[in-house]
Every structure is written in structure tokens, then in C-alpha cells.
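Those protein sequence lines, which keep their order, are chains R and A. For the first sequence, the residue numbers in the numbering used here are 43 to 353. For the second sequence, the residue numbers in the numbering used here are 2 to 272.
Derived from the structure by calculation, the hints contain no laboratory data. Source: prediction; values computed, not measured. One or more of the hints may lead you astray.
[Claimed, not checked] Here are the simulated DSSO-like pairs of lysine-lysine, each with C-alpha atoms no more than 30 Å apart in a straight line: (1) R:LYS84 x A:LYS61; (2) A:LYS221 x A:LYS139; (3) A:LYS169 x A:LYS200; (4) R:LYS138 x A:LYS169; (5) R:LYS138 x A:LYS139; (6) R:LYS79 x A:LYS169; (7) A:LYS60 x R:LYS196; (8) A:LYS60 x R:LYS61; (9) R:LYS138 x A:LYS60; (10) A:LYS49 x A:LYS221; (11) R:LYS138 x A:LYS84.
[Claimed, not checked] Facing chain R, according to a computed beta carbon distance under 8 Å, are these residues of chain A, among others: (12) MET116; (13) GLY119; (14) VAL129; (15) GLY130; (16) MET131; (17) LEU133; (18) LEU137; (19) GLN157; (20) GLU160; (21) ALA164.
Idealized CB from N, CA, C, for every residue including glycine.
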Amino acid sequence: MTTRMREVYSDTLIRLAEKDRNIVVLEADLMAAHATKSFMEKFPERTFNVGVAEANMVGIACGLSARGKIPFAGSFAPFVTRRAYDQFFVSANYAKLNVKLMGSDPGITAAYNGGTHMPFEDVGIMRNVPGLIIYEPADGVSLQKLLTESAYRKGNVYLRLHRGNAPGIYNQNDEIKLGKANVLKDGNDVTLIASGVVMVNEALKASEMLQKEGVSAAVIDMHTIKPLDEEIVLKYAAKTSRIVTCENHQVMNGLGSAVAEVLSEKQPILMKRIGVNDEFGEVGDIEYLKERFGLTAKRICESARSLLVTA
Amino acid sequence: MIEKEFKELKSKAKHIRKLTIDTIGHLGFGHIGGSMSIVEILTMLYYKHMRIDPMDPKKKDRDILILSKGHGGPTLYCVLADKGYFSLDLLHTLNTGGTSLPSHVDMNRTPGIDMTAGSLGQGLSAAVGMALANRLDKNPGLVYAIIGDGESDEGQVWEAAMAAAHFKLDNLIAFTDRNKLQIDGFTKNIMDLGDLKAKWESFGWFTQQIDGHNFEAIDKSINRAKTETGRPAMIILETVKGKGVSFAENKESSHHMAFDYEMAKQAISCL
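Sequences are here, hints too, so could you generate the full structure?
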């Protein structure tokens, strides 16, 4: 079942806020984009729209957090990461507060907003914040579960939110926990490790395509990029000896780098990273942009095949 | 009675000034200029206006101070130590490895520090958030914030200024330490702030401009700010950077200076 991710975001926060008066929402003039108007209708006194001022939004969230509130603050991903990095780094993280930051429209999903709005670097810069939790859910069920968990996991969090529609992957009774990757499909020849709506679905598609060629490809949803589930990376490195990472982000400093760091130090095996290669974004629809930056099942299959040949 | 009170505050301020010069002088270098210009305001807040309990630094309904110009930490540490938040012995560990008194204020290291600051321009936003939280919780605690005039070059200060007025935060009282100097020189030469009072007024704040070393004026302005409803209050403190220390007073080089303990002792004896 396809879900509207932005509505899951807002509905989940409403459910949390109904039980806990400390839940508050901050926006920087993007309430319509994040469906948080429904939150505001229920909790007007706990909703703060600060206008187009992301740095100030993060700073205000820090003040709310320092007084015991649990603030969820969101804007487009480039503006809560690149623009408000120092505010989030110092006032939230160095100060050890409890701010739940949300950046929407990851990577190519910024689509028609183009290069200025297309973050291929947000996970990279956020990974350098000590102790920060970074997660990117692949569907509505995982968003709802991880968002709920993040509310009561003390400390700062960065949610990379696909706010558009997403096909369903999980069932309500599946166990989905921050820091613990989920194996969506087992396999023996190669492992595809992906994060986010776009690339988890491309990886699943690639796995089916490889299956037809007689290649057994495991698919892992690495929804939490930090802390990385090292255990599952090492387990599948041992099991399949080949790994392809798939991310809607630069191959530098994101999921692929995180997996490579673990493998190179603990269990060197051959791997390939699917992602954007040191380029800026541009306008276009999702299908155009997938092709343009090589974020496709076809490219994942090519990488998997090349590993099978060299191994 | 009132005269006696001001006399006591003046005497306390002199003590805090001496203690701060001693603390920085013992280390041999530090932010002497901006520490000296906030002695009177911190003395007035901590010894008269703020409802606080040194034995319970995290008390829920306490008044809060955010020292957004976080490099003014040494003066605040001296005040907090004198109030009993921690031992006076700690003052001589200022800015040394492993200390609980770092150059810039840190809420996780020092009892009595309400917000971490150091990267300029961020404290007023946090003050807005705290004032919003207090209002939501019907917490009577007031939020005080001190920003620098050099710090006011930062755009975020004005984002926070707009937001505080928009949210009608009458539980927020901010001060600008208008010492007219920033690291590279006089503010009018580096980045002219223009008519600061008119700026804050135009942003919707109840604004007063006073002599920031005069206790009667500070006391009156805070009392007046407390009675203001429906908008935040800004008190621009006309101060002298390095106030009371001859080798630092109104000197362009006073933001961060090296001086030995002998110089410090001499400066203290002159007060």
C-alpha cells in the first residue's frame, strides 16, 4: 500500500502529542509541505512557525529542549543541514540537548526545485556530528515506528524524510528499531545495502532482476545510517563476500562510506557504491534524475555483476 | 535603605571585578575586555533580580540567564562561585585542560550555566525557545539574555529579535553590552551598527538605553522592563570594554589579552 509520507510524519506527531504535552513542532514556512497544518489545528499553542529562518528555528528548538520540551523542527534538508549546521552542531549537539531535526526532500526527490534544493551532502556533513542519530525510513510503517522511537530516545536526531508517496514495504507487526537494519530479502551471492524510499525500492527491483539471471542478491534496509548496524554488515560480508551500497546521496561520506569504513577495517571484501559521484543536482522529474545520476536498479545490477566477475 | 542597597551592590561589583581580573590574570591571558564590561549587569541580576537557588541550580521555576556572548564566562564564573554554585578554588582552573570552567560557557560543565554559548549569534534564539517553553508551562521564571554589540553583526540575532516580538514574549528581557568594540576594532569602523535603539524598537521590542555601569539606572530599567506586557524588552547597556583595568580600558586590543599575574595584582590594587 502506498502511503503519503508527510502525512505519516504529521499524524505520528499528533499521536505522540496527544499523550505527551512536551511534544512541540517547529516549521520554517513549510507547514504545507510537511502536512503539519493538521498538527497545528490540534495543537496551535504547541506549533511554532518561525518564518523563513532555519538557523533561528534550530536555536529556538534548542531553547525549548533545554526547558524539557521535545521539539520536532523541520525544513527542506539543505536548509536544516547546510544553512543551520553550526546552530545544530553547537546549540543542540555540543550542548547535549534533545532536538529532533527533520530535513525533507532527500537527494533527487527535490526534483523540480533543482540544484539549490537537492541535498546530496546532508548525511555526509551530519555524520560528523558526534553522537548524532541519522535515519532515513523507506516507507510509511518504518517512518511511523522510527519517528516514535526517536521521540523517546534522549539526544539529537536527524531524520531524512521523503515527504512524497512511498510504496509499502513493511507490515505493522514488523520489528523496526533505530540502529538495527532490516533484511528485506535474503541472498547468497551479493548483498545490496540501501537506505531511503528511492534506493531501497531500486535495490529490491535489482534483486528481482538478478534473480532472473540466477544471482541471489540479499537486500538490507539500512534505515539508520548512524549508528551503523555493523553487525549485519559484517554478517553479510562473510555470507556473500560482495556488497553494493545504494544511496540517494553523494557516494562520499554517506551510507557507502560508512559501510566501507567498517569493511576496510574489520573485514575487507570487494564492494561498490551506487550514488552521486561528486556532482551538484539539477531540475527534472524523478525518472529523469534517477537516470541522470545513475540511481537505478539497472546500475545496481551492473555493479553487482562486476563484483561477481572480479571475485 | 535603597542607598544602602546600591552601596552594597557597588561593593559586590568591585569584588567581582577583582576576582575576575585575578582569575584571568592567574591564567595569563583571556577575554578581559568583554568580561569587565558586564560586571555591573551580572552583579545586579544575580544579587538582586534573579530568583535562583545556588543549592538547586536546575530548579524548574528559576530565572534563567543566557550569556550569548559566551566569552564573558570568567565574570559569570566569579559570580557563580561567589554565590556558592561551586568552590572558589575552581576559579584558578579557568581554561586549563579538564576544567569545568572553559573559555566559553558550557551548561554541561559548570553548575549554574543555563545555556552553552560561544559561537556568536545563537543565544537569543535559545532564549526565545526557553521563553516559549516557560509560557507553555505557565512557568513564572523570567529569561534573561546578554548579547554583545559585535555579536549583533550576526543575522541570527535579528531573526530571533523578530521572532521574540512576533511571539509577544514579555517574559524575555535581553541586554546588549554596548561596549563599542569588537575584536578587530571599534564597531563603528568594523561594522557600524547605526542607531541600535531605533533598530530594536523597530523590531517591536520595548527598548531602553542606559549607562551600563550605573546601578540605579540598571535597576530602574529592569524594573520597568518587568512591567512591560505583550512584547520583549531590550536594555542597551552603554559600557566600556575593559572597564576598570587601565591597560585594557577602551583599548582596541582588549578583546583577548595576555597579561601576567603581577599586572593583574597591580590592576586589582588600583580598584
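Each hint tested on the structure:
1. R:LYS84 x A:LYS61: holds, 27 Å
2. A:LYS221 x A:LYS139: holds, 26 Å
3. A:LYS169 x A:LYS200: Status holds; Cα separation ~17 Å.
4. R:LYS138 x A:LYS169: Since the Cα atoms of LYS138 of chain R and LYS169 of chain A sit roughly 28 Å apart, the hinted pair holds (cutoff 30 Å).
5. R:LYS138 x A:LYS139: holds, 25 Å
6. R:LYS79 x A:LYS169: holds, 22 Å
7. A:LYS60 x R:LYS196: This hinted pair holds, its Cα atoms lying about 20 Å apart.
8. A:LYS60 x R:LYS61: The hint holds at about 25 Å.
9. R:LYS138 x A:LYS60: holds, 19 Å
10. A:LYS49 x A:LYS221: holds, 12 Å
11. R:LYS138 x A:LYS84: holds, 26 Å
12. MET116: holds, 6 Å
13. GLY119: holds, 7 Å
14. VAL129: Holds: closest Cβ of chain R sits about 5 Å from VAL129 of chain A, inside 8 Å.
15. GLY130: The hint holds - GLY130 of chain A has a Cβ within 8 Å of chain R, the shortest such distance being about 2 Å.
16. MET131: holds, 4 Å
17. LEU133: holds, 6 Å
18. LEU137: Interface hint status for LEU137 of chain A: holds (7 Å vs cutoff 8 Å).
19. GLN157: holds, 5 Å
20. GLU160: Nearest chain R Cβ about 4 Å off; hint holds.
21. ALA164: holds, 5 Å
When each numbered hint is compared with the structure, no violation occurs for any of them.
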